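**Student:** Here is how the chains run, residue by residue.
2 protein chains.
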Amino acid sequence: MKKISVASAPATVANVNAGFDILGFSLPGISDQVRAWVIAEPVVRIKEIVGVDIPSIPAKNTASVALQEMIKGEKLTHGFEIVIEKGIPLASGLGGSAASAVAAVVAGNQLLKKKLSLEKLFFYALKGEEVASGGIHGDNIAPALYGGITACLKTSDGAFQIVPIRCPKKIFCSIFHPAFPLETKKARGILKTEISLKDYIQQSMHLTGLLMGFNLGDYELIYHHAKDIIITPQRKSLLPFYDLFYPALIKAQSLAFGISGAGPSIFILSKNLPAAKKMSALLTSLSHKHKVSGQVFTGQVGAGKPEVTILKVRE
Amino acid sequence: MKKISVASAPATVANVNAGFDILGFSLPGISDQVRAWVIAEPVVRIKEIVGVDIPSIPAKNTASVALQEMIKGEKLTHGFEIVIEKGIPLASGLGGSAASAVAAVVAGNQLLKKKLSLEKLFFYALKGEEVASGGIHGDNIAPALYGGITACLKTSDGAFQIVPIRCPKKIFCSIFHPAFPLETKKARGILKTEISLKDYIQQSMHLTGLLMGFNLGDYELIYHHAKDIIITPQRKSLLPFYDLFYPALIKAQSLAFGISGAGPSIFILSKNLPAAKKMSALLTSLSHKHKVSGQVFTGQVGAGKPEVTILKVRE
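Just so you know, the sequences run in chain order G and R. Residues 1 to 315 in my numbering are what the first sequence spells out, letter by letter. Residues 1 to 315 in my numbering are what the second sequence spells out, letter by letter.
The hints are simulated quantities; they were obtained by calculation from the structure and are not laboratory data. Please note that a few of the clues may not be correct.
The list makes no distinction among identical chains, and a pair is therefore deemed to hold if it is satisfied within one copy or across any two copies.
Said to hold, decoys possible - Here are the simulated DSS-like cross-link-like pairs (lysine-lysine), alpha carbons at most 30 angstroms apart as the crow flies:
#1 LYS60 / LYS198
#2 LYS185 / LYS198
#3 LYS60 / LYS251
#4 LYS236 / LYS198
#5 LYS278 / LYS192
#6 LYS75 / LYS60
#7 LYS75 / LYS305
#8 LYS198 / LYS120
#9 LYS192 / LYS236
#10 LYS192 / LYS2
#11 LYS312 / LYS72
#12 LYS198 / LYS186
All figures in this text were calculated on a predicted structure; none of them were measured in a lab.
One chain only, chain G, in its complex shape (with noise of 0.2 angstroms):
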């Protein structure tokens, strides 16, 4: 009998408006999966990517890099061979890369004698990450990872955090993936090294805002606070739509709404479940209208989660 280890992860919103490189959450009804089973040979290998055509060279895949720092950091014996399905579009800004090295660290996991904990996980995951990034950022990661929203943080000395944000309310995402990629890499690439003391200030309001909006389920001060003045007004630039659709997203009255990630996808948040579904029909018609091909997402902010289980077959 041949362990076959099915795991998925869900796609995640990050840079949630003033919580850049920190604030995060999970969806549900978007995930990458990854089959693992155990090799013979200490390394990974990529049996298969179903549903896009990326390369599968192990060193390169989120997936495969995150199970190599596992065997590596674990100092195992044996290996993983896998089968990535990518059910989160490539470049899309909804944390397809962190998810699909969480999903493969969850599969591992699953496969080990003894069980890791999620710091481990944590860690093997952003390793595979960085790959596609080109930089450590757990605001992808910790979500997929831990699900609902969540807080990244770094301390002085570089050693990550994750802080598990409570919002006693219930708050539901519109999500719009316009059909073009953008890589994290260019949108990362484009901001201003310099910010002014003023913005920074108002940017910290904002952030507060919006954690204790969360903290408290506070509607009217994720609405106030749910805004970014610093990096949104840079990046904006890259989703030529941006400014067709906000007119009409403004006049709405959504609770929020920003760029998810580093784009090009954006999120809408609603108060409830009717209120999103109106919101993902308004952007359903602004893409119609504008002619911006892409998908629309509607879920509950936060109710993604990592699951895994294990299937026995003849070998």
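Model the placement of chain R on the given structure of chain G, informed by the hints.
**Tutor:** This is chain R only, laid out in the frame that chain G set:
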């Protein structure tokens, strides 16, 4: 019978680490007091200022300006005569001007037929504070009026919002107030108008960690994130004792430390009262060792709050 309203308002620590212009907390045991009674004319007269030698020109005093704004805003047909008793050292970074303004509006409110909301009192006290700090900053007014730990936010339309920060664990504070004044305007004037994106991100992580540390009562988060990498490095040159004291303070491993308000006072946070007393003793010995005369206070973070009573005296 003449009704005299006697109100006190506590000292406060604002600019708490990464919460520049946002986070503040009140302190017990140090306060300003304002005694007020009604006079026929709709003006404010300062009868006496006790405890310090400051000009009693109503237009330049935070207490009288706050009450004048109340008279104007509420269209009062009467005025107030007041006695201000300063218990908080002047230009100490302990929110003395805010405390006088808060004590004044709390005292005045008690003499009104229709009591005003805390939001309105905040607004009038803030107008008083503006005279002293040369800018609209509510981060001392908010904790002085509401007590506890508060976030004072501004929306993008410039409206203020006070958010009380829950903190399920008690935290204690030691204050060293060196015996020299430092004007807020001066401490503000030296700040650079630009900061790096890198510092903004790290400081935002610290702000998130500090807020979540308070919210969850998580000492570990507070320890790692009660830091300020933007403002303190620029201001510490105004505090000649800073670099003399800090090696010893770091060695003593408190929960956190920083400049209180715009300085020159510094604060230290501890997990319990014995630890705070130890830190206060250390501050006293450092002040002797380095010949920096000053005062030391110890108290529970957020335990200060306004108090008001009405005296009835024969005219």
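**Student:** Against each hint, give a clear statement of whether it holds in the structure.
**Tutor:** Evaluated hints:
no.: 1; hint: LYS60 / LYS198; in the structure: between (40 angstroms within a copy, 27 angstroms between copies)
no.: 2; hint: LYS185 / LYS198; in the structure: both (27 angstroms within a copy, 16 angstroms between copies)
no.: 3; hint: LYS60 / LYS251; in the structure: neither (43 angstroms within a copy, 45 angstroms between copies)
no.: 4; hint: LYS236 / LYS198; in the structure: both (21 angstroms within a copy, 20 angstroms between copies)
no.: 5; hint: LYS278 / LYS192; in the structure: neither (36 angstroms within a copy, 45 angstroms between copies)
no.: 6; hint: LYS75 / LYS60; in the structure: within (21 angstroms within a copy, 71 angstroms between copies)
no.: 7; hint: LYS75 / LYS305; in the structure: within (28 angstroms within a copy, 57 angstroms between copies)
no.: 8; hint: LYS198 / LYS120; in the structure: between (39 angstroms within a copy, 26 angstroms between copies)
no.: 9; hint: LYS192 / LYS236; in the structure: both (14 angstroms within a copy, 28 angstroms between copies)
no.: 10; hint: LYS192 / LYS2; in the structure: neither (52 angstroms within a copy, 63 angstroms between copies)
no.: 11; hint: LYS312 / LYS72; in the structure: within (26 angstroms within a copy, 79 angstroms between copies)
no.: 12; hint: LYS198 / LYS186; in the structure: both (27 angstroms within a copy, 17 angstroms between copies)
The structure fails to meet hints 3, 5 and 10 from the earlier list, while all remaining hints are met.
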